[in-house]
Amino acid sequence: MGAFYQLSSTDYVLALPIILLALFALGILLIDLMLPADQKWANALTAFVGLLFSAKAVYNLQHWLAGSGGSYGMMRTLLVDHVAIYFFYLFLAATAIAILMSVRYLETVHENHGEYYALLLMSVAGMMCMAAGYDIVLIFIGLELMAISTYVLVGFLRRDRRSNEAALKYLLLGAFSSGIFAYGLSLLYGLTGSTNLGVIGDALYGLMQHPQYRPILVVALLTTLTGLLFKIAAIPFHQWAPDAYEGAPTSITGFMSVAVKAAGWAMLLRILIGSPIRFGGLMFLRSLWLPVLVFVSIATMTGANFAALTQTNTKRLLAYSSIAHVGYMLLGLVAGTAVELNSDGIKGILIYLLVYTFMNLGAFGVITSLRRRHVIGDELDDLNGLYSRSPVEAVLMLVFLLSLAGIPPLAGFWGKYFIFLSLIESGHYTLAALGVLYSVFGLYYYLKMANAMFMRQPEKGEETLPVSYSMRLALGLTGFATLFIGIMPNRFIELVNWALNLSQNTNMAKLIR
Amino acid sequence: MYNHILSIILFTPLAGAVLLLFVPKENKGAIRWIANIFALGGFLISLPLVPWFWALRFDPGFKFVEGTANNWIPSIGAGYVLGIDGISFLLIMLTTLLGWISILSSWTAIENRVKEYYIWFLVLQTGMLGVFMALDFFLFFVFWEAMLVPMYLLIGIWGGPRKLYAAIKFFLYTLAGSVLMLLGILFLYFHHHALTQVYTFSIPELYKTAPQIYSDYGPYAATLLFLSFFFAFAIKVPMFPFHTWLPDAHVEAPTAGSVILAGVLLKMGTYGFIRFSLPFFPDVLTHGKVRFWVMVLSIIAIIYGALVSLMQKDMKKLVAYSSVSHLGFCTLGIFALSPLGLEGSVIQQINHGISTGALFLIVGILYERRHTREIAEYGGISNVMPLYATITMIMFLSSMGLPLLNGFVGEFSILQGTFMQKEIAGHPGWFWTAWAVPGVILAAAYLLWLYQRVFFGTVTNPKNEKLHDLTPREVATFVPLIIMAFWIGLYPKPFFQILEQPVNNLVATMHSQSTAGNVNAAAQPAMPDMPEMAMPDAATAGAPAAGGHAPQTPEPKGKH
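Residue numbers (my numbering), protein chains in the order written: chain U, 1 to 513; chain A, 1001 to 1560.
Calculated directly from the structure, the hints in this document are not laboratory data.
In this text, all values refer to a predicted model and were calculated from it rather than measured experimentally.
None of the hints are false.
Chain U is faced by these chain A residues, among others (derived, beta-carbon under 8 Å):
| no. | residue |
| --- | --- |
| 1 | Ser-1075 |
| 2 | Ile-1076 |
| 3 | Phe-1141 |
| 4 | Leu-1153 |
| 5 | Ile-1157 |
| 6 | Leu-1164 |
| 7 | Ile-1168 |
| 8 | Phe-1171 |
| 9 | Leu-1172 |
| 10 | Leu-1175 |
| 11 | Leu-1182 |
| 12 | Leu-1186 |
| 13 | Phe-1190 |
Every residue gets a Cβ at the ideal spot worked out from N, C-alpha and C, and that includes glycine.
Let the sequences and hints guide you as you build the complete structure.
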């Protein structure tokens, strides 16, 4: 340590997944210059290879860290623990599927540029920094890298006014929230004198013992939380989501709704809890942020479910549905007492993000494939009679929708199951009842889409839907995962137990020292 | 085969559905044949269960148990465990029989999207069988909810004019009840863990700990927990204020869907009451006001359902409301908590499956010929369709409870079992019986009046003059139902014998649990004694044997 810190090989190994992604992103930009217009698909291939290399690096890390809970690197700004590895895999899988869904779509909309894939990889690099960072500066840089990449991606349809408007809205609100977030982080730094989450956590624990620090702690907490909740699109910081989701290219909407959201969650867990092997961040302010989260989660479930009811645009509808899902997930953080987290709640959030990745990407994939020459395909009526046009897609969409609604034995049930389990376990019966009733409420708007697909007739003849092979692969993967995780969840539950080190310390969240 | 009979029965329909996936959808003939073969096969393959179960009928506990706890999802303690007792055995047989009959009855009724129809129907069949077989609460819940999806599609795609509304209402209504049940299940799960340090969803295990909730958490919490289950089951049955989904779903569903809906789906609610509500919460039922209100709701359902039936202009709606009334008898028999009432209730559930299933088929046959269900459109049908009129008469008489037919046996046992109870929720048994009896009379009124308007007299509507009588296929759908109606009506003893062990065990369990865990007995009316007459062989069957859900020695309280 110190001023002349030399990076060791360990540092590079820990950062390798991120470094590889950045290198491939730059490589794509170079290769793109040399590709003729009809061979732009090669960019997708390059991006795919980049993801594979990165995945291999993560795999090596996973085995390298199997014995220990995790390892610090890069001057203790990086803490690659099992949760970080879990999120790495999640980001890579979501991006891979999103790339499969993009290839045909970009050709259809005539925006087949290499930058698209480069930006995707860049944003994944940013996400990894958010998930593995243990230093508020690194996390913030990761956040900005991801956010700026997504701003551009949202506005990628240059000739489409909706896309431009969405990108501008997202940029302005995003920049605003980043500013507030940075202000909160600077307050934390001022209060604790460090940017390291572990040190911050310890210092905050000390400050919590002195009532005179309460007001400034509350201000720092609320400003930080604003930034965090904005990124996961929780009400009241959700306004950007429906607009950005609607205007963005559909493949990017799918990517944003799962990967960007998962990254937001990874950052939220990092800053609010720290790491399962080393609590830090705002963990010891739990008694302060708990009531805020209760309010936010109730507001989110209520607002999003009611708003989704009246939507006629499927992308907007799914945007509100994804906001509602954030409300359920927040309940997982609420579970427990003022001084103790419930490990099942955190487990629920991680499983929820896993299953949500597949089912929501799948649903957006089906909507992406509705895009044709002159039809945007994002209105509810565009789903009419989908069954007679493309039975396999319609049935897959039904699976995704029912999974989103949380009907067993589909994957989406497991996310909700663990969240509500944790609430019952920690005695929050009213919140649990509220949550399950809202999930019934949610079924209504999913069924509206199912009704359109199965029970209405297509408007313009019986044309069949052309579905590209890469899209078929993507839908097959997501559909298979949704069914498989639903019916055979055991390995995935154990994976999450591993990510949270639950086999070693069952009492992961005791706050009393 | 003997050891895996339940799995074989369970997955035969699903195998048919998977096979149908690979048949091209233009080939309707092949699809119909395959679906019917698998439906009939599903029934035939459940027949060996009859002699095998008969041999074991007096043995305590669950039979044909398959799978071990924790073999499915070890990390949460859920297992693929199947097993049956007399109650679920009868319901399973009813399900396989009605499944076959309704698939047979759809041969000409379903003309568009044939392939999907049979696939969803077969999937539905597996889901329903799973509900009755599951011995793991988690598995039960999965089947309970998964089964809603095919039913929703059956109503929504092949239903009548208001199908979208009916399908969504059905799905939302029933889901709303069952999600609260999930919270209740989780509470039992954690309670079990608190007492035994074991996480499990095994139903026989939960039987041991769940009754202690009353003493561990107090009457208020136990009542709330009881209600979380009650809503799920009461919506499914449906009991009086929760019944509004039923007329919509029944009227809009295709004929076969209505048959399954009335014949099997509604029984899941009553099955849930018997399987879970009674043994889990004996104290909630024997103390406090809950039982009183459940009984009142049952009576209201009986009378109200019958009165509304009387007023209907649409035949299918009439039959739908008559279901509310009949299921009111079933819940009355259950919550009378006497062995005879419970046995009668289960038999009445079977009867309702047989006769109401047949009534929906009857309505469906007329509808297929005339495409209307308005009673006013018909008259003098017995002149043009004599065979049809005869079968209808038999099924009407069975439904209204004429002696020598099945309905009488069930209703009489329920009423007798209720009558014999000295005291139910602060009132004597005869008091409740007196309120229920008008339902029997009203049933005769609405059915006979319907018969008179549709079948008697001369043919008033010229459109009805050319109707052809039943085809052999249609007759085939009624034959097993008529045989069963006469069998239960003339010789119900085997059915009572099959039910004897589980029912007596259940009543004995409730008795021992509730007297043992009685914290505030002084403030509450005493537990009614079992009348001697209603429990003929309490000595053999009532003894707490070492079976699956034998009553446990009550443990000392206050473990928390």
